[in-house]
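Sequences listed follow chains A and B, in order.
Here the first sequence stands for residues 8 to 96, where the numbers follow the numbering used here.
Here the second sequence stands for residues 1109 to 1492, where the numbers follow the numbering used here.
Simulated from the structure, these hints should not be mistaken for lab results.
Keep in mind that a hint or two might mislead.
Result set (DSBU-like, lysine-lysine): computed pairs, CA atoms no more than 35 Å apart in a straight line [claimed, not checked]: (1) B:K1260 with B:K1424; (2) B:K1424 with B:K1133; (3) B:K1133 with A:K67; (4) A:K67 with B:K1234.
Please read these numbers as outputs of a predicted model, since none were measured by experiment.
Spelled out from the first residue to the last, the chains are:
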Amino acid sequence: MRILLFFMVAIGLIWIGVLESAMSSVKSFNQHGNAEVLESQRSIHRILALGFVGGRVVSKIVSNDSHVASLNGNETSLGDNGHVAKNSE
Amino acid sequence: MLSAQACVQSLISNVLAKFGSTSQKLFLMFVLAGISYGATGLGAMLLMTLLANSQLGKDASSKHGISAHDSSRLGGLAIAIVILIYTLGFSLISPYTPGPARDEAFLYLWCAIFFCTALGFAEDVKPDFLTPSLRLAVKFLVMAALFGLAPKFIPSSVGISIIDSIITLPFLGWALVTVFAVGFINALNMADGANGLVPGIAVASFGVFFVEYGRPMDGALLFAFTIFLIFNVISGWYFLGDAGSYGLGAILLGYGLLGVAEGQFSAGFMAALFCYPCIDFLVSVIRRRRAGRSPFSADNGHLHNRLHQFIKLRIKSAVMANSFTGLIISGSTSGAVLIAYLMDVLPTESDLWYLFFVAEICLYLIALNYFTSIQPKTQYADPL
């Protein structure tokens, strides 16, 4: 029973990182694909959820997609890395 | 000179002794996971710790390479769970569409990865459940189907004229790549004999793929393998197992071939990145044939066995001797390629990476010859 609880805690902790990286990604699209805005918002919250390496990994994913989004203007397009890049303009 | 060497040795021994007990190892593992990947890293580390302590897939120390402790072979399962949670969650919440959902070729690739992992998992849970020849036949079947259904994985040029002339022919190209693919997956499985060796190669490779492409899947793979590397190197309680090495082999193979086929990387770059498993596999097959044995029979004549024998006389901790062996080999091969790539030494599509590959082969042969000359024969091993 205790093992099950530990498994749930483990999955919950992983889920924190999933949520943080997914939210960063969604925020980035809503901010007109500007990755620099996202960079400036890096906070202690993000470091706690994703750590120093994980934070950089997510920044790279987001900035990569933002680049695709800004290249494609108003269109809803499929990014090179699998994101549906959406520009809100 | 001697006193300086003794001083360094005693310093290393003291540092290692401090992290000798189980609780201290756990503390160090969790701290490193927390610093590098935050709460997510702690969760992945906890998941791996729980799975490592389960009775399923337990392996006696005598059964696995140079390990001196009973360990778990479920490393592959733990990595698969972490990647699955991350990818599923990320695709549900963010606008990310996973590769298999948007590209048929990726769907076939991940089906092949799944079959290879399942094949290895059966072996991890119940050793000798399938005969070696049956496993080999299944791998051939899976790879042949992959390259038949998704020919975009077959490169049109590898920078060597003889191979290029064969690879462009429809049937011969498919057959050649299938044989290479099965050989590569077996090579990676054979090289998985020291802590941090194959996981180190995986981290360097996914580091390159992630920096080059920036795909979320590469990020998830880099994350899972980094946590596994920390766990594997510090504790020595966990191995990739057949599930992990077959699955990892199929992923690296697919990504590597696709990178070469699309012209993003040269074949020379991939050869340099995956040098150790390929060369160790070829040298081991030659060594065994010369000794009149089956090329796939196990022995202790690999470079990592020889290097470990050398290091363990100098480091008291059995786990650290094992981990240093793996890290030295993965760091001086794939790790060096990662550093050269990050420093932009050569363009990734340059054939000059073959020179790097040749240098690695020379280093391998010199090291193997040296260790063979100073060490007594290991079981079944013949000097080159």
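Okay, the hints, checked on the actual structure:
1. B:K1260 with B:K1424: violated, 50 Å
2. B:K1424 with B:K1133: The given pair, whose Cα atoms are some 16 Å apart, holds under the 35 Å limit.
3. B:K1133 with A:K67: holds, 31 Å
4. A:K67 with B:K1234: violated, 41 Å
Checked against the numbered hints given earlier, this structure breaks hints 1 and 4; the rest are met.
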